[in-house]
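Sequences listed follow chains A and B, in order.
Throughout the first sequence, residue numbering follows our numbering, covering 1 to 203 in sequence.
Throughout the second sequence, residue numbering follows our numbering, covering 1 to 128 in sequence.
Everything labelled a hint here was simulated from the structure, so no lab data went into it.
Every residue, glycine too, gets a C-beta built ideally from N, C-alpha and C.
Don't take every hint at face value.
As the list claims (entries may be wrong) - Chain B stretches covered by chain A per the calculated footprint, using a threshold of three residues with CB under 8 Å from any CB of chain A: (1) 28-40; (2) 51-60; (3) 68-79; (4) 88-98; (5) 103-115.
To be verified - Only pairs whose alpha carbons sit at most 20 Å apart, straight line, appear in this in silico EDC-like list of lysine to aspartate or glutamate: (6) A:K138 x B:D84; (7) A:K195 x B:E73; (8) B:K92 x A:E190; (9) A:K188 x B:D58; (10) A:K128 x B:E57; (11) A:K195 x B:D93; (12) A:K192 x B:E57; (13) A:K195 x B:D66; (14) A:K192 x B:D93.
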Amino acid sequence: MKHSKDPFEAAIEEEQEESPPESPAGGGDDEGRLEIEQTPEESERDVGVRRQPKKFKSSVAVAEGKNKDEDEEEEEENMEAELTKYPTTADPAKMAKMQVILSQFTEDQMSRYESFRRSAFQKGNMRKLLQGVTGSQKISMPVIIVNCGIAKMFVGELVETARVVMGERNDSGPIRPCHIRESYRRLKLEGKVPKRSVPRLFR
Amino acid sequence: MSNTAAAAAASSSKSKAAGSSQAPEKRKPLFQKELQHMMYGFGDEQNPLPETVALVEDIVVEYVTDLTHKAQEIGTKRGRLLVDDFLYLIRKDLPKLNRCRELLAMQEELKQARKAFDVDEEKITSLD
Chain A
1 MKHSKDPFEA AIEEEQEESP PESPAGGGDD EGRLEIEQTP EESERDVGVR RQPKKFKSSV
61 AVAEGKNKDE DEEEEEENME AELTKYPTTA DPAKMAKMQV ILSQFTEDQM SRYESFRRSA
121 FQKGNMRKLL QGVTGSQKIS MPVIIVNCGI AKMFVGELVE TARVVMGERN DSGPIRPCHI
181 RESYRRLKLE GKVPKRSVPR LFR
Chain B
1 MSNTAAAAAA SSSKSKAAGS SQAPEKRKPL FQKELQHMMY GFGDEQNPLP ETVALVEDIV
61 VEYVTDLTHK AQEIGTKRGR LLVDDFLYLI RKDLPKLNRC RELLAMQEEL KQARKAFDVD
121 EEKITSLD
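Start from the sequences and build out the full structure, keeping to the hints where you can.
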């Protein structure tokens with residue numbers, strides 16, 4: 001895997017050469033709302049880029065009008081996937097930036113990015129879990145959606161911190177449970193994991 | 001002799017089973033396939049180790065459970081469990097909060113879109 005130049009850095013440098021950035025640079029803002037036109041790539045490509053998904057919160061606006069039916073059915077299955085018909089807040093500057101970045105991806109990076117965008121927790125399973133936890137039969141849709149989103153971001157934090165841990169230990173290869181445990185411990189220290197008032201017994 | 005031995009073995013295994021069903025719940029893997037893709041997307045290898053995936057799943061289930069318990073505690077004061085309870089719990093974590101807002105806004109839009117679509121369909125059918 002080549003780690004020649006980070007495509008984000010390359011794209012941002014390119015942009016900064018052309019014009020001063022009107023909006024805060026990608027690294028600076030928390031609310032990076034980006035719309036991109038995402039069409040599923042034809043082939044699976046392998047990606048190896050480190051990114052911060054927290055910074056790049058992207059909701060996707062696909063070109064209007066086409067394939068309404070398909071999307072409305074698909075919408076039920078994968079909310080978090082790339083297809084929304086209607087532009088939420090179309091920010092052309094950020095869209096353009098995103099397009100520049102995407103066009104420079106290697107095959108590796110594209111496939112990884114695709115997995116990042118498309119993966120999501122299944123709402124049915126999440127609903128079952130929530131019903132088991134709350135004991136109530138009716139869990140409203142927004143609750144499920146929010147939980148899926150929060151859980152996905154939490155996985156992201158875990159995996160990224162685990163990679164950081166691996167870097168510190170100069171390990172390589174797939175992530176091992178010891179890295180995840182260390183990453184979980186660190187997240188707990190940061191306060192990102194809700195603490196139980198009563199410690200969990202008999203797991 | 002063999003009968004009593006078998007009976008003893010059966011009863012001991014039964015009691016063991018009863019004991020294990022009371023205390024720790026068996027977690028059938030809920031999210032394994034999606035988790036593999038997700039971990040790849042966030043930086044792991046294309047095929048993450050199965051024990052890693054299992055551990056991450058356990059952690060995520062515990063996280064969602066704890067979060068939901070806390071939200072319920074807040075929600076019972078009000079009545080039902082609402083989305084706002086979760087949003088309140090997430091308030092310190094800006095990226096998550098913004099992402100949730102985005103998701104909810106998207107859901108609203110899709111709802112509107114679907115309503116508009118149904119209305120259009122009715123118009124078309126009524127014209128016929």
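Against the structure, the hints come out as follows:
{"no.": "1", "hint": "28-40", "in the structure": "holds (count 8)"}
{"no.": "2", "hint": "51-60", "in the structure": "holds (count 6)"}
{"no.": "3", "hint": "68-79", "in the structure": "holds (count 4)"}
{"no.": "4", "hint": "88-98", "in the structure": "holds (count 8)"}
{"no.": "5", "hint": "103-115", "in the structure": "holds (count 9)"}
{"no.": "6", "hint": "A:K138 x B:D84", "in the structure": "holds, 16 Å"}
{"no.": "7", "hint": "A:K195 x B:E73", "in the structure": "holds, 14 Å"}
{"no.": "8", "hint": "B:K92 x A:E190", "in the structure": "holds, 12 Å"}
{"no.": "9", "hint": "A:K188 x B:D58", "in the structure": "holds, 15 Å"}
{"no.": "10", "hint": "A:K128 x B:E57", "in the structure": "holds, 15 Å"}
{"no.": "11", "hint": "A:K195 x B:D93", "in the structure": "holds, 15 Å"}
{"no.": "12", "hint": "A:K192 x B:E57", "in the structure": "holds, 17 Å"}
{"no.": "13", "hint": "A:K195 x B:D66", "in the structure": "holds, 7 Å"}
{"no.": "14", "hint": "A:K192 x B:D93", "in the structure": "holds, 8 Å"}
Checked against the numbered hints given earlier, the structure satisfies every one of them.
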